[in-house]
Amino acid sequence: MQAIDHHAWTNHWRDRHPLEKLLPALSLLVLTLALPPLRIGPLVLAGTMLATVYGAGIPLKTTLSVLAAPAAFLLAGVPFLAISLRFNDGFSLHFSPEGLQLALETSVRALAAVSCLSFLTLTTPLADWTPLLRRVGIPAGIVELILLVYRLIFVFAERALTGRQAQTARLGYSRLDRSVRSLGLLTGSLFQRSLEQARRLEIGLAARGYSGDLRVLQPERALSWPWLLWAMTLVGLVGLAGYWI
Amino acid sequence: MTAPLLALCGVDYTYPGGVMALHGLDLTVAKGRKLAILGANGSGKTTLLLHLNGTLQPTRGEILLSGQPVRYDRRFLTDWRRRVGLVMQEPEDQLFAATVGQDVSFGPLNLGLTIGEARERVAEALTALQINELADRATHTLSFGQKKRAAIAGILAMRPELLALDEPTAGLDAHGVAYLLDALQQLHAAGATLVFATHDVELAYAWADQVAIFHEGVVLRQGETAAVLADIEVMSRARLRPPLLLELAQLLREECGDEVWRPPRSREVLLAQLRERLRVGRDGRCYG
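These protein sequence lines are chains Y and R, in that order. All letters in the first sequence, in the order written, are residues 1 to 245 by the working numbering. All letters in the second sequence, in the order written, are residues 1 to 288 by the working numbering.
Extracted from the complex, chain R is given alone in its bound form:
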């Protein structure tokens, strides 16, 4: 078995003020997966993400990158951050250059690429997020959603193997969320490993293929999405509610006694199944 892309083993982190944010945390990010780190507000998700690219160093425990223990010297960190891209929740914390194109070029130039290569990377990243037309726009004139996409493009231009996003959908409207998820889906199809931290169980359920439930500095359970989200005990301990889709699907399954029925992952599928059930119901076969 090949080593996971990134693994955190028994990680503790105590803030300089003495506040303990992580407490014996285990987390595995397997290559090519879509992992959601689910936790309530204030559970320390951002602190956890800052460990994924070496911004914060654990006070105890081990982090393995492709099976190798990480180091915190400049050379290792440079390589680490090239491989693991971190998109912060607030795009304003990442954008510093006057135009979008210039901002996106920052990462590639730091990798030591030539001007020509950097130009290609910028075009590629802008295309991936469908914001080519923003290349020459002034950063401060963008809308929030556009800023968010520009910030992601800035990380993407470094071609990370793992893309970690902190609350990627926060502050976006439904259209913005769909647009962003579509772009992320394409990246995933192209081979990127994705991690996002969120408190939105519906999003995690619809989108992730693995979920880690994070509460008070530890991962309570990590595993396949549907199985973990259906774990009522773990979910309530983490102050989370199972997604409505899953609850509805379970209810329908109990009522109809259908064992082979797979829980739907999107509202479209659930609606189709409901429609089907209701039609069956009128025939007197399900609800009687």
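Chain Y on its own, in the form it takes in the complex:
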């Protein structure tokens, strides 16, 4: 998570208007879902990988490791699609060609779709999405909540980490029963600290005139129409290639 966040804030396309990234990525996603997966899937996967690694300058290793988690899920679940259960005499497991086809299609489609989303998460920090979220009509309260949660995740992740390190230093995780106990204590103290933190944050915000909404300046980014046009043309070519090949 830290790695994704780091790259989202520092990649080459960080300062691009979020729409310039969102529209092509969503279009690729739609193509992936609409066209025959074995043809369009590899093309979309290649396209998003190229954009992430060469365009946005995110290391191949990071990009692959982000895809590794969903890939592992697929690996665990998909093989069962290729196997069918029959009850002719008694019951038996069968390996069917149609099942294999289905498993392959599902994997490629899922992976290609995930690659579109991982392109977005790796190139655009959460904070950049807020103007868009507001634009599409999500209430201000919800958007503020998303941003606060985003900010506080890092505060509490650090507390949890240092807390765990301090417990480890006093041998809190040296045996299974101690580990369970330590983890319980840590969780409890984190809840307590979250409440205190919330109270103090309220005082801090009140000192700055907080009166119910968390309004801040939004980054001003010009939408580059030529860039968007180029990107969408490329997406169109991918779509055509997937359709004709």
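Each hint should be verified, as a subset may be incorrect.
[What the hints assert, rightly or not] Below 25 Å or equal to it, Euclidean Cα-Cα: the simulated SDA-like pairs (lysine to any residue) are:
hint	chain 1	residue 1	chain 2	residue 2
1	R	K31	Y	G209
2	Y	K61	Y	A206
3	Y	K61	R	K34
4	Y	K61	Y	L50
5	R	K31	Y	A206
6	R	K34	R	E62
7	Y	K61	R	H140
8	Y	K61	Y	L111
9	R	K34	R	P69
10	R	K34	R	G17
11	R	K34	R	A128
12	R	K34	R	D79
[What the hints assert, rightly or not] Partial selection, computed: residues in chain R whose CB lies under 7 Å from chain Y:
hint	residue
13	T55
14	L56
15	W80
16	R81
17	E92
18	D93
19	L113
20	A138
Please keep in mind that the hints were generated in silico from the structure rather than gathered at the bench. Note that the Cβ used here is the ideal one computed from N, Cα and C, for glycine as well.
Here the structure of chain Y is known, so what remains is to put chain R in place on it, guided by the hints.
This is chain R only, laid out in the frame that chain Y set:
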């Protein structure tokens, strides 16, 4: 005589649990001064600071803002907090937005400024603390010192007349402290009144022109820095030690019997004076 910017008269404060934190406290903050509120750990300095911007309301006593008794309705509080900016000890308690620039813009937007004006205020505050390059950085990737400066910039962007800081140097290294004091000095030169709560007598001695010694809910003595810090009785009652610089200077003065010698305010000045004395000493005129 014009009324002081902020005055606390006979203020009591009892926490909801029944713990009495302030007990007949008097404090005056004059315009354009640098006031240090000195107290040992746990003496209630933070509680006192929370009264300066109306976060806590005294259970008894009076607070005057420019000679006017304060009120605790929303309109008055808004104006009060615009005029008195409070920087908390823990920057994490103040920073909530994703980037530094966004966080700093929060106060100005709450003042009802336009986007353009808010943008100007952000640039101005970031420049004052020399952190322009952090404007687009994610808040959670900053170092502690950077977070501290970002938190101060967030208050500064509201252009307060009085800037109150809770333990401003806590957790900073020597370089960070020098950097911060330099920025605060420039603000002071530009007309800001500064108050900081600290347990660091050396800092108060080097930096403040007025000191209030705070102990067990009361201000024992408020006055000019050198005079108050040399008051052994008050200092020991508040569990504080006079600054080393002052003690050394006094020792030298007693030994040399030099009445006109002004106590040095910084270690550089003390070192220069010591060097001077030692040279004089070799000539047989001082130490013999």
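Legend entry - Indices of hints not satisfied (ascending): Hints 2, 3, 10, 14, 15, 19 are the ones this structure does not satisfy, whereas the remaining hints hold.
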